[in-house]
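A.B. asks: Given chain A, put chains B, C and D in place with the hints provided.
Those protein sequence lines, which keep their order, are chains A, B, C and D.
Heads up, my numbering is the position in the first sequence plus 52, with the first residue counted as 1.
Heads up, my numbering is the position in the second sequence plus 52, with the first residue counted as 1.
Heads up, my numbering is the position in the third sequence plus 52, with the first residue counted as 1.
Heads up, my numbering is the position in the fourth sequence plus 52, with the first residue counted as 1.
In case anyone wonders, no lab produced these hints; they're calculated from the structure.
You may find that some hints are simply not true.
Any copy will do: because identical chains look the same in the list, a pair fits if it lies in one copy or spans two.
[Claimed, not checked] Okay, derived cross-link-like pairs now, DSSO-like style, lysine-lysine, Cα gap no bigger than 30 Å in a straight line:
1) 204 with 271
2) 208 with 190
3) 406 with 240
4) 204 with 291
5) 291 with 208
6) 204 with 394
7) 271 with 121
8) 204 with 70
9) 208 with 271
10) 394 with 121
11) 394 with 104
12) 394 with 282
13) 70 with 208
14) 291 with 394
15) 121 with 204
16) 70 with 271
17) 104 with 291
The model shown is predicted, which means the values in this text are computed figures rather than measured ones.
There are 4 protein chains.
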Amino acid sequence: MSSALPWDQYSNQLQLDKLLNAQHLQSNAAGFPAHDEMLFIQFHQIYELWFKQILFELDDIQMRFSREKMLESDMQPILTYLNRIVLIFKQMEGMIDVLETMPPQSFVDFREYLGTASGFQSMQFRLIETRLGLERSKRLCVFHGAFDDNLKNESKEQIRSSEERPSLFRQLEAWLGRTPFVQLGQYKFWQEYRDAVHRMFDDRTQAIMATLHGESLAKELEAIERGRDKFDGIFDENKHTVAIENGQWRLSLPALQAALFITIYRSEPILQAPYQLLTALVDVDELLARWRFRHALMVQRMIGMSSGTGGSSGYEYLMNTVRSHRIFTDLFALSSYLIPTKSIPALPPEVSHKMNYIYTTG
Amino acid sequence: MSSALPWDQYSNQLQLDKLLNAQHLQSNAAGFPAHDEMLFIQFHQIYELWFKQILFELDDIQMRFSREKMLESDMQPILTYLNRIVLIFKQMEGMIDVLETMPPQSFVDFREYLGTASGFQSMQFRLIETRLGLERSKRLCVFHGAFDDNLKNESKEQIRSSEERPSLFRQLEAWLGRTPFVQLGQYKFWQEYRDAVHRMFDDRTQAIMATLHGESLAKELEAIERGRDKFDGIFDENKHTVAIENGQWRLSLPALQAALFITIYRSEPILQAPYQLLTALVDVDELLARWRFRHALMVQRMIGMSSGTGGSSGYEYLMNTVRSHRIFTDLFALSSYLIPTKSIPALPPEVSHKMNYIYTTG
Amino acid sequence: MSSALPWDQYSNQLQLDKLLNAQHLQSNAAGFPAHDEMLFIQFHQIYELWFKQILFELDDIQMRFSREKMLESDMQPILTYLNRIVLIFKQMEGMIDVLETMPPQSFVDFREYLGTASGFQSMQFRLIETRLGLERSKRLCVFHGAFDDNLKNESKEQIRSSEERPSLFRQLEAWLGRTPFVQLGQYKFWQEYRDAVHRMFDDRTQAIMATLHGESLAKELEAIERGRDKFDGIFDENKHTVAIENGQWRLSLPALQAALFITIYRSEPILQAPYQLLTALVDVDELLARWRFRHALMVQRMIGMSSGTGGSSGYEYLMNTVRSHRIFTDLFALSSYLIPTKSIPALPPEVSHKMNYIYTTG
Amino acid sequence: MSSALPWDQYSNQLQLDKLLNAQHLQSNAAGFPAHDEMLFIQFHQIYELWFKQILFELDDIQMRFSREKMLESDMQPILTYLNRIVLIFKQMEGMIDVLETMPPQSFVDFREYLGTASGFQSMQFRLIETRLGLERSKRLCVFHGAFDDNLKNESKEQIRSSEERPSLFRQLEAWLGRTPFVQLGQYKFWQEYRDAVHRMFDDRTQAIMATLHGESLAKELEAIERGRDKFDGIFDENKHTVAIENGQWRLSLPALQAALFITIYRSEPILQAPYQLLTALVDVDELLARWRFRHALMVQRMIGMSSGTGGSSGYEYLMNTVRSHRIFTDLFALSSYLIPTKSIPALPPEVSHKMNYIYTTG
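For reference, chain A alone in the conformation it holds in the complex (with noise of 0.2 Å):
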């Protein structure tokens, strides 16, 4: 070690002789070099290098959410490393801006020589997906085709066998109906929650009655109504069922009663973390449908909207998985369910004693 040189060092631990020589352009093979080929192969690299940190980082949150019981001093490199995939899409996001910089023109010259290749088409990524939780079953067909048709068989496998652990959404899942708090001892956050609702409709329909009339009126009664039918949604179980079943939600209702417990009274020493942990897996749903929203305009830009043939074009299949392939929705659609803090309850005292810690309460 002490004879080696920092920049032997610096190369051998980066392993540089093989990184940099690991592009070889298509159109250089084919005798007509194009410029611009090189940032195209190098993008694409950079990409699947982002790919291998994210399943890194996956393996080690995944790993924690799979304990029996997770430790409270989880939470940390969780949320570390959650925010870290967060940033990592948002430089994935960015690093589209010098793609740009390529004129379309420039992309046709050496397009030919590519195939079909695309970011999309790769392995790293389909065990993204599945791993935060896209199911086979909720994923738009790639041509006509399952979207790992085109994959080897090895790759094949491997994104089957993920598809059989569970998924982050499920270990969420799992996670949030564990919770012990929403139904303590005699405390049941969901009636009380029902009541502070139902109360809140009733003091409105109060307030409006002696304030409005005739047409106004009726289209303000009809307004409550509507709200309460929203309401009803979560707190009539055999909707929910139904929901479950139209894929309206995904998650399970005492899951729901969770996050819905931990947003609202967030500020509890214990729900801190779990709180930013919903916030950071609406993050990072957030980021990945960003990410595919630009990556299909740079499509766009590049290929334009090639049409007219039987099958969807590459950009109408990447635009259509910006909605569709989303993950996290669920925890979007729970600020439909709020209500203002001053018609929440409180938490009763042996609640939130129980939430604090030891070394506050002496």
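C.D. replies: What follows is chains B, C and D alone, placed relative to chain A:
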């Protein structure tokens, strides 16, 4: 002037007394102060300042386009201001990071005091859309009404009057239609290009027939046929007319030909700035779409996807505008009609000559 | 409420009549209209709105820190608002992209009408610096005068009065100084840590002496000696006192010990939020420095490095504040005093126990 | 080729087998696996890929500059690639967000296994600096040694050999020096400009003497005198020669005159692209400085400011390069020598004429 203190000057020029006293929280007035309403107000105020700036830049850009003959020297400020608009949209997109630090619960706490105000109901924003080229007939309804139903009469008139003047889209179309080089003396770009495209397909057909057989040959021949069909969509005037009627294209055929000419021969001195102009308009369109998309995601995060009601939700409306309210998509679509450089015919010397600087050539 | 049009509400709540009529170009008044002055004005107005927002967040954060005992539930809003401040600074940094679309020649065209106004002469910005913890004695002179010489009396008083209240830096120091775990019952963190550091150096010395000889041994031993010396700077109370006097450290020794404790044992439930707090303050400091740096580069681009005069130029002043006007550098410096996890002593169970939630432990 | 699956193509073209097997953690090898070393390795690998891309773009740009006479059509790719370099630096700056999710404690856990490797010891990065125009004599020492002391012989030679070829800075200088319009026939820009500057100062003097008296008159007259002195620094050839010797200027006087001419008359057709070139180089310089600055801040966050030793710390070195290792500062400095448009002499028609396109004028 000499007696004024620098601070006075700074403060007076920026009219800070007005500016910093223009934030009154509705939740305060209602007796339930909500901390995050301040952010909400200032966020939208900053948006309105940026909108004003965009309109100010458009004033100058459109004035130059409205000249009977645009001056070559106009391209410099036009490009500067268009790129500025792009960067402003980028800022407005990025600002959403700040707003998303607001927990959805905090939004619920002042939402009822706001009415239905939203950045997308801004009169200035509607003007920007109209002036860029979004036509009334292409606009989605907002809650069953026209997009400007809720504006006050004075604002409606401002929008109507801006609809009567040519939008930037129509100015661009007219300007492209005047491009002289597409047909200059004996030189007819369109005929040359059509020949080159057919030659390219003929060569491919020959190559395929020499190497493939049976089903794979049939499949490749079919692909080539689809390619020819696609190009016919612009080579055949009647098909283009139908496409205009269908809303698949908006640009007139002469404008489209000129845009393709500029894209292909973009290195010619006289085409360098026009190509930058087309690229800047693609950027404007992309950034506007990205901003709409982030805005929609932010709304989804803050208020979920409320639904079940007859009307479409705010989120749905916003998300639909992402794909429906685009303006310069024809410039994206052009990329479908590019062919490899090796198949592109060289410009005749007498045409190329006229595109150069007087100094350069003598 | 029901009769008001949404647009009216939107426009009234945002006070758009004031806001959008607060831009008067000095160059217009002087008879030489300069297009880009509009951008310059609105750019600084947006800065002032962001400044107001930062001060508004600081009000809340500092109020919570000023409680005799900060509530555990306070950490949630404090972290939310600090991260918001970080993101606001990031926006203010990014906005410079827009300003830099202004050619320096355009700036010259209205500069003479501005006097000496600049974002860094803003009273609100001075308040932000003071309230975060920049002390008067640490401030660089602006053109030979104190930083507030040019402010009007009312503003000077506001700054003076904010100087008399504890800054966030001093509030942090006091809060860190009250951390109970650094010394809890029999447990003395500082002694444990000092022993661990010495053990680490002893082990290294042994390992080196067993494997190296001659000059390379001497060199390594010297490096270990320097390491021990460095740690003495915090282990030896007298040295730390001298360092405080020299301005090398600002944080008191107890605060510094607590910060190190939090950094090392950051996964313990009760330390997770405090560690996020320290990280957020490092982020605030970094972003403030980055913003100053970009501001200085932008000034250099716009006005060059004028000089030759007795006074330092605007650029020089700004660039010097980048390094001189930092506030939380002690939190960066802490990293020099970390040792590998394998050398860190485990917490005694009775200490660790108290850091957990009541619920968790039974 | 026809039988290969798309995935195979994708994976083969990107050489994923090499790329995704080039990460070996030193901490694993040492028996103390540190999770965050993976991020550290991949982060630097991505940097090296970006460096390769920058060098690849510089190859093309510098090849075009090295022609005896640059073609007008060269400006299009040169500007495209320079702007790409700017955006790559922006990505590299932004990527630090990801690295800063690593707690400094995590860095300590694998730092001892790394030796002294750092992104700034990269051979490719040194080449970028040299090729842009950083001269050996201007480089700061790294730990008392020359910046390339620690590189292996092969790398030293590569740098030496690139030092022997003209840097982009020197290519720019030569190209500017050849600008014909600065002196064209009877027209002598420099004389015109000098006269205009003097006229401007004379007018100001008159105006002041008519309105001010006593001390305030004296003060303003002195300011005008300083202004004249400043301009003498470029009008007086001897002073400029001294400034070159002092290192205050690097650009030759003819190059500097041409750069000023381009800046002032940037709307003339033939000057539009050259002005964009100067702006792009200012952007390159700014982004390089910003990236260095963020890198220095990140190092400070990760390892603090270790010190007390004879040698300067890594942080100090990096922070000093921010100001010392700049390349195109002369282009920033030019802004000091601009005067208001109303004082700028119009171009003679025969000069202006030659700057236009052949087509335009007939």
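A.B. asks: Look at each hint and say if it fits the structure.
C.D. replies: Structure-based check of all given hints:
1. 204 with 271: So residue 204 and residue 271 pass the 30 Å test across copies only (22 Å; inside, 59 Å).
2. 208 with 190: Intra 17 Å, inter 44 Å, cutoff 30 Å: intra-copy only.
3. 406 with 240: Both ways: residue 406 and residue 240 sit 15 Å apart in one copy and 28 Å across, limit 30 Å.
4. 204 with 291: Neither: 42 Å inside a copy, 42 Å across copies.
5. 291 with 208: Result: close neither inside a copy nor across copies, 37 Å intra and 44 Å inter.
6. 204 with 394: neither (58 Å within a copy, 34 Å between copies)
7. 271 with 121: neither (50 Å within a copy, 49 Å between copies)
8. 204 with 70: Classified as both; 24 Å inside a copy, 18 Å across copies.
9. 208 with 271: between (55 Å within a copy, 26 Å between copies)
10. 394 with 121: Answer is between: at 25 Å across copies they meet the 30 Å cutoff, but 35 Å inside does not.
11. 394 with 104: For residue 394 and residue 104, the Cα distance is within 30 Å only across copies (27 Å; inside one copy 46 Å).
12. 394 with 282: Answer is within; shortest intra-copy Cα gap is 20 Å, inter-copy 54 Å.
13. 70 with 208: This pair counts as both: shortest intra-copy Cα distance 27 Å, inter-copy 20 Å.
14. 291 with 394: Cα proximity of residue 291 and residue 394: one copy only (28 Å, versus 54 Å across).
15. 121 with 204: neither (37 Å within a copy, 52 Å between copies)
16. 70 with 271: neither (70 Å within a copy, 34 Å between copies)
17. 104 with 291: neither (41 Å within a copy, 47 Å between copies)
Hints 4, 5, 6, 7, 15, 16 and 17, counting from the list given before, are not met by this structure.
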